[in-house]
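Trainee: Here is what each chain is made of, one letter per residue.
There are 2 protein chains.
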Amino acid sequence: MSVAPTLIAEIGKHVDSEVEIAGWLYNLRSKGKIHFLQLRDGSGRLQAVAVQGECDPASFAAIGELKMEASLKVRGRVRPEERAPGGYELAVTEVAVVQNPIEDFPIAKKEHGIDFLLENRHLWLRSSLPGAILRVRHEAITSLRNFFNARGFLLVDTPILTGSIGESAGSLFEVPYFDLGTAYLAQTGQLYLEAACAAFGKVYNFGPTFRAEKSKTRRHLTEFWMLEAEAAWMDNEGNLELQEQMIGTLVQDVLSRCGPELKLLERDTAHLAKTEPPFPRLDYGEAIEILRKEGRSIEWGNDLGAEEETVLSSRYDKPLFLTNYPKKAKAFYMKENPANPETVLCADLLAPEGYGEIIGGSQREDDLEKLRARIREEKLPEDSYAWYLELRRFGSVPHSGFGLGLERTVTWLTGIHHIREASPFPRTIARLYP
Amino acid sequence: MSVAPTLIAEIGKHVDSEVEIAGWLYNLRSKGKIHFLQLRDGSGRLQAVAVQGECDPASFAAIGELKMEASLKVRGRVRPEERAPGGYELAVTEVAVVQNPIEDFPIAKKEHGIDFLLENRHLWLRSSLPGAILRVRHEAITSLRNFFNARGFLLVDTPILTGSIGESAGSLFEVPYFDLGTAYLAQTGQLYLEAACAAFGKVYNFGPTFRAEKSKTRRHLTEFWMLEAEAAWMDNEGNLELQEQMIGTLVQDVLSRCGPELKLLERDTAHLAKTEPPFPRLDYGEAIEILRKEGRSIEWGNDLGAEEETVLSSRYDKPLFLTNYPKKAKAFYMKENPANPETVLCADLLAPEGYGEIIGGSQREDDLEKLRARIREEKLPEDSYAWYLELRRFGSVPHSGFGLGLERTVTWLTGIHHIREASPFPRTIARLYP
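For the protein sequence lines, the chains are A and D, in the order given. According to numbering that gives the first Met the number 0, the residues represented by the first sequence are 0 to 433, in order. According to numbering that gives the first Met the number 0, the residues represented by the second sequence are 0 to 433, in order.
You may find that some hints are simply not true.
All copies of an identical chain are treated as equivalent in the list; a pair is satisfied when it fits inside any one copy or across any two copies.
[Unchecked claim] Calculated lysine-lysine pairs in the DSSO-like style (CA-CA distance at most 30 Å, straight line):
| # | residue 1 | residue 2 |
| --- | --- | --- |
| 1 | 66 | 262 |
| 2 | 215 | 108 |
| 3 | 317 | 329 |
| 4 | 72 | 369 |
| 5 | 369 | 66 |
| 6 | 30 | 72 |
| 7 | 213 | 378 |
| 8 | 215 | 327 |
| 9 | 109 | 30 |
| 10 | 369 | 327 |
If you are wondering where the hints come from, they were derived from the structure by calculation, not from laboratory data.
Sequences are here, hints too, so could you generate the full structure?
Mentor: Here you go:
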């Protein structure tokens, strides 16, 4: 059995030959002397046709007894079939049933509620839409890693268990850690990447990140993957250009590699194809004026919510950089804007079509005294940041970076409604199973 | 400044031209009218020579005041220099000091104790040996991901926050999780990959993994990265072949891409180059006989410790598969060996040269009743495994997989003594900082 069966994806290489497919039955239609078996094996989907008299009689009888999701090995001859999705079908000669379920498969063709589907995520993955989304996710991850590898960025996996704190102390998961007290699950690896970029110049990480926020929106998970990049000698402008190139490449790669998946998801690819650099930029101050003119009661200094983001991004058909936020709305490590010290050299990237923020980035404060003052203003535990402050004492350089939320990005790329479907096994405030 | 300076790695393209290097000073030697500056920028290392009269006078004076790890921009002309490691040096015309430290850099040329170095890991990364190890790590990760992507495995990131339990309940980190009680940091994503392989055929993950073991050995971290692969319809034999191909490719890739790093680390690459499939296989029972003949007091049924592993692996110059362990020494999910039901269809892969276990794998129990009986025998919480058991009710198929410990593998590839140096920011029972 260590000789692999033929993959459905490669069946076109075996036209008019006898092959063995190993997979699962996801649908069965019988019409007198013919069974139409819909098979899937993870590489693709295929119709197999068993005709009484042409198929081995015991196999023909066994097919009639099959339940959905039965596992089986099907032998047959590959033949072209124009009407079939892949262009081929299988004329069945013999079937070996590996396991025929006793019960009905919980996920039927009928509509199920999202809670039921999430509770059965381990089985729901077998459906075509979740599969398409996760293939887009796979290709997005590959594209992003290739992008940074090709540009000389060193991958530096930053720790999940941390003593110091990344962004806001209110949303940290706590873990008792031996005799060292409490560890916190990382919200970001940025501080570590800043250390690494002083060693390696250009670095990135890509791993899981945690937020214990009590947010129940369609944009929040408690566990999600984030790609973060950081480069020494890169200023805020260079940071935005790097992000534009990265997003442009990502969309091109996904469009070229995930055509069938995007079609299945009914994604409007014409809209995605517009994602070519450069991207529009809107200053935070101008954004506030626009929002106020539209009747929103937002004040200069407030952070923007999902609704405000949607109002702004809907004015463009490309991703939008929102730049130079007020200092008090952003994290302590962002560099003061020399042109307006009430603001910082930062940008959030909002996806078009109302998908909201997918990237947050900034130039980092490289001045020791200014950084220390900000840590004190925010009443952060200075001891935990001792090592981080040292980076400004030994060869501080201008440097910038950003973090891209993978699931938010996949939500946008696939055009789905809720972020939870962009994760294989999503974790939310109310879900830890399966 | 968004125009990037010239990278040291690319300086060969600019011979006889004027360039600007942005980087850090890692050594300075002055000899009367000449300063020899050793520069690094993350892409490489370069000697820059400033000669009084040829270099701008203010720059020449400033160089004399520089402390180690000063950040600077150095302008000069590139010239060939046979004695230089990269084959070039820079004839300095001008230097702009970005930041000259007030204090001495904590990490000097002298020997430091490991605790001091780990406490200063954020600065130690700038040294050449840690840099070389992390570059090998980077290339190893790239090689492994490419291997699975090229073979049609879908990347399925499995959750870190889990309700159910992977291997041994005694070594789990606990996280209070909203109203849902306690979550556990994943020790493995295998159970989730088993669900995914019934959907996608061939899958893998690659992410951080956690063990709250109170082990203080040179092979243990509390947080480490693991690559896990799982394939439907793959039996134990196919599993071993897949691992052989993967390890063979990995070693080839690292040898071809990391020559300078392995040289710097004084790695015996002739030994590594022997790592060509097939790898020797030793049955657990035979292993026990060998160990007893060598005077070890081990009994059939015991798991093997690091010392026993070293005795066995030192008999070969390739990685060694230790196969068919006793059921009671291994995890509940391993498939019973039909040829000897007291054992399971599994293999650990031991790296040569005493580096110990780098992979654990097995065929999985696909029989519902046998699996449930094992869960009960081990007194595991059956409710948490309800979804996992369902995989055996709906189209169960033979399937196998394995997990490779990244840091152990990098420890072997680089020939270093202790696993902690294979992680950018290692976490041990006594270390959570920086």
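Trainee: Against this structure, judge whether each hint is valid.
Mentor: We went through each hint and held it up to the structure:
{"no.": "1", "hint": "66 with 262", "verdict": "within (29 Å within a copy, 60 Å between copies)"}
{"no.": "2", "hint": "215 with 108", "verdict": "within (28 Å within a copy, 53 Å between copies)"}
{"no.": "3", "hint": "317 with 329", "verdict": "within (24 Å within a copy, 53 Å between copies)"}
{"no.": "4", "hint": "72 with 369", "verdict": "between (67 Å within a copy, 23 Å between copies)"}
{"no.": "5", "hint": "369 with 66", "verdict": "between (67 Å within a copy, 22 Å between copies)"}
{"no.": "6", "hint": "30 with 72", "verdict": "within (22 Å within a copy, 78 Å between copies)"}
{"no.": "7", "hint": "213 with 378", "verdict": "within (23 Å within a copy, 34 Å between copies)"}
{"no.": "8", "hint": "215 with 327", "verdict": "within (25 Å within a copy, 44 Å between copies)"}
{"no.": "9", "hint": "109 with 30", "verdict": "within (22 Å within a copy, 83 Å between copies)"}
{"no.": "10", "hint": "369 with 327", "verdict": "within (14 Å within a copy, 60 Å between copies)"}
Violation of the numbered hints given earlier is absent; every hint is satisfied by the structure.
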